[in-house]
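Q: So you can see what is in the structure, the chains are spelled out below.
2 protein chains.
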Amino acid sequence: MPDTRLDLARIRAARRVIDPVFLDSPLYRCEALERELGCRVSVKLETANPVRSFKGRGTELVVHGLVERGERAAVCASAGNLGQALAWSGRDHGLDVTVVASRAAPAAKLDRIRALGAHLELVDGDFEQARARAVHLARERGVRLVEDSLDVETCEGAATIGLELADAGPPFDAVLIALGGGALATGIGHVLKSCVPDTEVLVVQPERAPAMARSWRARRVVTTDSADTIADGVAGRFPIAEVLADLLLVADDALLVREESIIAGLRLFLTHAGLVVEPSAALGLAAILEDRARFEGRHVAVVVCGGNVDLPAYYRWLGVAS
Amino acid sequence: MPDTRLDLARIRAARRVIDPVFLDSPLYRCEALERELGCRVSVKLETANPVRSFKGRGTELVVHGLVERGERAAVCASAGNLGQALAWSGRDHGLDVTVVASRAAPAAKLDRIRALGAHLELVDGDFEQARARAVHLARERGVRLVEDSLDVETCEGAATIGLELADAGPPFDAVLIALGGGALATGIGHVLKSCVPDTEVLVVQPERAPAMARSWRARRVVTTDSADTIADGVAGRFPIAEVLADLLLVADDALLVREESIIAGLRLFLTHAGLVVEPSAALGLAAILEDRARFEGRHVAVVVCGGNVDLPAYYRWLGVAS
Numbered sequence: 001m002p003d004t005r006l007d008l009a010r011i012r013a014a015r016r017v018i019d020p021v022f023l024d025s026p027l028y029r030c031e032a033l034e035r036e037l038g039c040r041v042s043v044k045l046e047t048a049n050p051v052r053s054f055k056g057r058g059t060e061l062v063v064h065g066l067v068e069r070g071e072r073a074a075v076c077a078s079a080g081n082l083g084q085a086l087a088w089s090g091r092d093h094g095l096d097v098t099v100v101a102s103r104a105a106p107a108a109k110l111d112r113i114r115a116l117g118a119h120l121e122l123v124d125g126d127f128e129q130a131r132a133r134a135v136h137l138a139r140e141r142g143v144r145l146v147e148d149s150l151d152v153e154t155c156e157g158a159a160t161i162g163l164e165l166a167d168a169g170p171p172f173d174a175v176l177i178a179l180g181g182g183a184l185a186t187g188i189g190h191v192l193k194s195c196v197p198d199t200e201v202l203v204v205q206p207e208r209a210p211a212m213a214r215s216w217r218a219r220r221v222v223t224t225d226s227a228d229t230i231a232d233g234v235a236g237r238f239p240i241a242e243v244l245a246d247l248l249l250v251a252d253d254a255l256l257v258r259e260e261s262i263i264a265g266l267r268l269f270l271t272h273a274g275l276v277v278e279p280s281a282a283l284g285l286a287a288i289l290e291d292r293a294r295f296e297g298r299h300v301a302v303v304v305c306g307g308n309v310d311l312p313a314y315y316r317w318l319g320v321a322s
Numbered sequence: 001m002p003d004t005r006l007d008l009a010r011i012r013a014a015r016r017v018i019d020p021v022f023l024d025s026p027l028y029r030c031e032a033l034e035r036e037l038g039c040r041v042s043v044k045l046e047t048a049n050p051v052r053s054f055k056g057r058g059t060e061l062v063v064h065g066l067v068e069r070g071e072r073a074a075v076c077a078s079a080g081n082l083g084q085a086l087a088w089s090g091r092d093h094g095l096d097v098t099v100v101a102s103r104a105a106p107a108a109k110l111d112r113i114r115a116l117g118a119h120l121e122l123v124d125g126d127f128e129q130a131r132a133r134a135v136h137l138a139r140e141r142g143v144r145l146v147e148d149s150l151d152v153e154t155c156e157g158a159a160t161i162g163l164e165l166a167d168a169g170p171p172f173d174a175v176l177i178a179l180g181g182g183a184l185a186t187g188i189g190h191v192l193k194s195c196v197p198d199t200e201v202l203v204v205q206p207e208r209a210p211a212m213a214r215s216w217r218a219r220r221v222v223t224t225d226s227a228d229t230i231a232d233g234v235a236g237r238f239p240i241a242e243v244l245a246d247l248l249l250v251a252d253d254a255l256l257v258r259e260e261s262i263i264a265g266l267r268l269f270l271t272h273a274g275l276v277v278e279p280s281a282a283l284g285l286a287a288i289l290e291d292r293a294r295f296e297g298r299h300v301a302v303v304v305c306g307g308n309v310d311l312p313a314y315y316r317w318l319g320v321a322s
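So the sequences go chain by chain: A and F. Numbering-wise, my numbering puts 101 at position 101 of the first sequence, and it's gapless, one number per residue. Numbering-wise, my numbering puts 191 at position 191 of the second sequence, and it's gapless, one number per residue.
Keep in mind that the hints are not guaranteed to be accurate.
What the hints assert, rightly or not - Where chain F lies over chain A, by a calculated footprint (3+ residues, C-beta under 8 Å):
| hint | segment |
| --- | --- |
| 1 | 30-37 |
| 2 | 44-57 |
| 3 | 306-313 |
FYI, nobody ran anything at the bench for these hints, they're computed from the structure. Idealized CB from N, CA, C, for every residue including glycine.
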């Protein structure tokens with residue numbers, strides 16, 4: 001049992017708090033992808049729910065805790081998916097949600113945050129600027145700041161995906177997980193290392209937004225000056241020390257992939273699996289494409305973490321004229 | 001309890017026979033669609049499984065029965081999805097599967113039937129020609145013919161979707177179901193009329209392949225000379241009397257929709273739900289688009305029955321240049 005901030009009993013208990021619409025997402029072999037990749041591929045699909053990403057698992061836990069403690073409002077910074085999920089989870093509990101995001105975030109994500117009734121404040125710059133503004137806003141208003149990956153509920157919510165992977169039959173040889181702030185990776189990783197320790201936990205980040213992967217390799221926080229990738233969902237520059245400490249205990253390797261491999265992954269998902277996914281969700285396939293020998297003949301699970309994508313950009317990446 | 005050929009106890013028992021990968025498919029509110037449609041819309045997603053359609057539920061039952069009776073081989077005619085599912089279910093049980101299909105069926109469906117190890121025989125003409133050839137082949141070889149919608153297992157497998165819809169909380173005001181041979185419609189309809197009789201069961205067929213809907217309206221089998229629709233999965237011309245008799249007991253209305261409405265439905269699913277679906281799966285949205293007043297403010301479930309589509313054709317329908 002890795003000695004992270006996460007707790008397996010709490011993760012199991014989380015299943016009783018999280019709205020079932022987010023739990024037990026599809027997990028299935030996708031043989032049409034396998035011919036292209038040379039390994040067995042199972043898809044864990046986190047896009048078929050009201051917010052089209054895995055983030056609802058965490059925000060359900062977060063909001064449950066806030067409401068229990070009598071909080072009436074919360075602020076978060078978001079690349080788009082957390083904000084959408086927090087807005088969704090907050091709405092039915094009468095929690096006043098403010099989301100701070102970069103003006104450059106996908107319009108599809110920003111539109112949905114607004115439609116779900118959250119206050120949306122846009123900032124110039126990237127996710128880290130949004131994070132700084134959210135910290136400021138929360139202090140100014142005396143309101144709880146929800147911090148993705150730092151707040152253990154966001155990790156333990158994501159970790160319920162790990163339970164579903166671990167319970168799915170013979171252990172996978174490897175699980176490929178998108179690496180951003182680290183909630184998804186440490187969450188799933190903690191459960192896998194606890195329950196099926198022989199399954200390799202591989203976390204994947206874009207070469208052009210490599211801060212957390214480089215930190216894992218260096219075993220200390222490494223920041224970057226830019227995070228310039230189409231995988232907007234994982235484009236942070238300032239890794240959180242506590243999350244890195246957890247990641248060091250559960251990840252077997254941290255891989256970096258090129259933008260063109262992410263696009264190739266997007267194309268494979270559409271062509272062979274009929275799935276429209278956002279770039280962060282294609283990091284796993286990108287990793288296989290960049291090192292087929294490593295995965296040859298093995299059974300790999302890829303976590304399709306989100307499907308919120310602006311169609312015009314998606315068409316552009318795929319070379320399709322809309 | 002409608003007096004069809006189906007049986008609720010058998011349908012409940014079917015859940016123990018069907019591979020769990022086909023059961024408990026996602027069911028979720030899709031608010032991004034609602035703004036466009038003027039009613040509450042829940043999506044029942046039958047595409048996130050190894051054969052990307054609901055047909056696996058039925059073929060699991062069919063193959064279980066065949067193997068129990070010592071059969072070693074089976075033949076079916078298919079528009080593409082049944083063949084794929086029968087090939088999948090047959091493969092692990094050592095059942096020798098032959099699928100007869102029209103040469104005009106989507107390449108994606110035909111490729112997957114072959115890849116799953118079934119024998120594929122192509123015929124000129126449409127589904128009805130494939131059906132005639134399958135009957136001939138089965139007789140010639142003394143092999144069991146699997147007949148979609150006529151074989152009650154295909155209906156009762158599909159009916160497990162009905163259980164999941166009926167158990168999902170407050171009853172839906174209406175459920176929209178694609179109508180082809182009738183297995184899906186009579187299956188879901190039987191369960192809904194048994195468990196939540198106030199839920200309206202609406203079956204939808206393309207205007208250009210209207211045989212079963214016209215038969216329902218006339219209360220007798222009506223055949224057509226052609227079935228010329230992009231919704232290849234429901235394009236039959238010769239309704240089966242036994243299935244019509246069941247449909248008359250469970251459907252509240254049979255709607256016909258235009259091709260351009262089906263395409264509009266495809267576009268809505270992609271743009272607002274991030275879902276690539278085949279035309280048959282867009283019949284429900286097409287029905288809402290053609291009669292918004294009928295659905296205004298109501299809570300409607302649409303069964304997204306399949307996602308096997310040839311991308312070049314899909315792009316063409318959507319006016320996208322690949």
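Q: Counting residues of the segment 44-57 of chain A whose CB is closer than 8 Å to a CB in chain F, do you get three or more?
A: With 6 residues in contact (Cβ-Cβ under 8 Å with chain F), the coverage given for the segment 44-57 of chain A holds.
Q: Count the residues of the segment 306-313 of chain A whose Cβ falls closer than 8 Å to any Cβ of chain F, and tell me whether that reaches three.
A: holds (count 4)
Q: Has the segment 30-37 of chain A got at least three residues whose CB is nearer than 8 Å to a CB belonging to chain F?
A: Result for this restraint: holds, n = 4.
In this structure, every one of the numbered hints holds.
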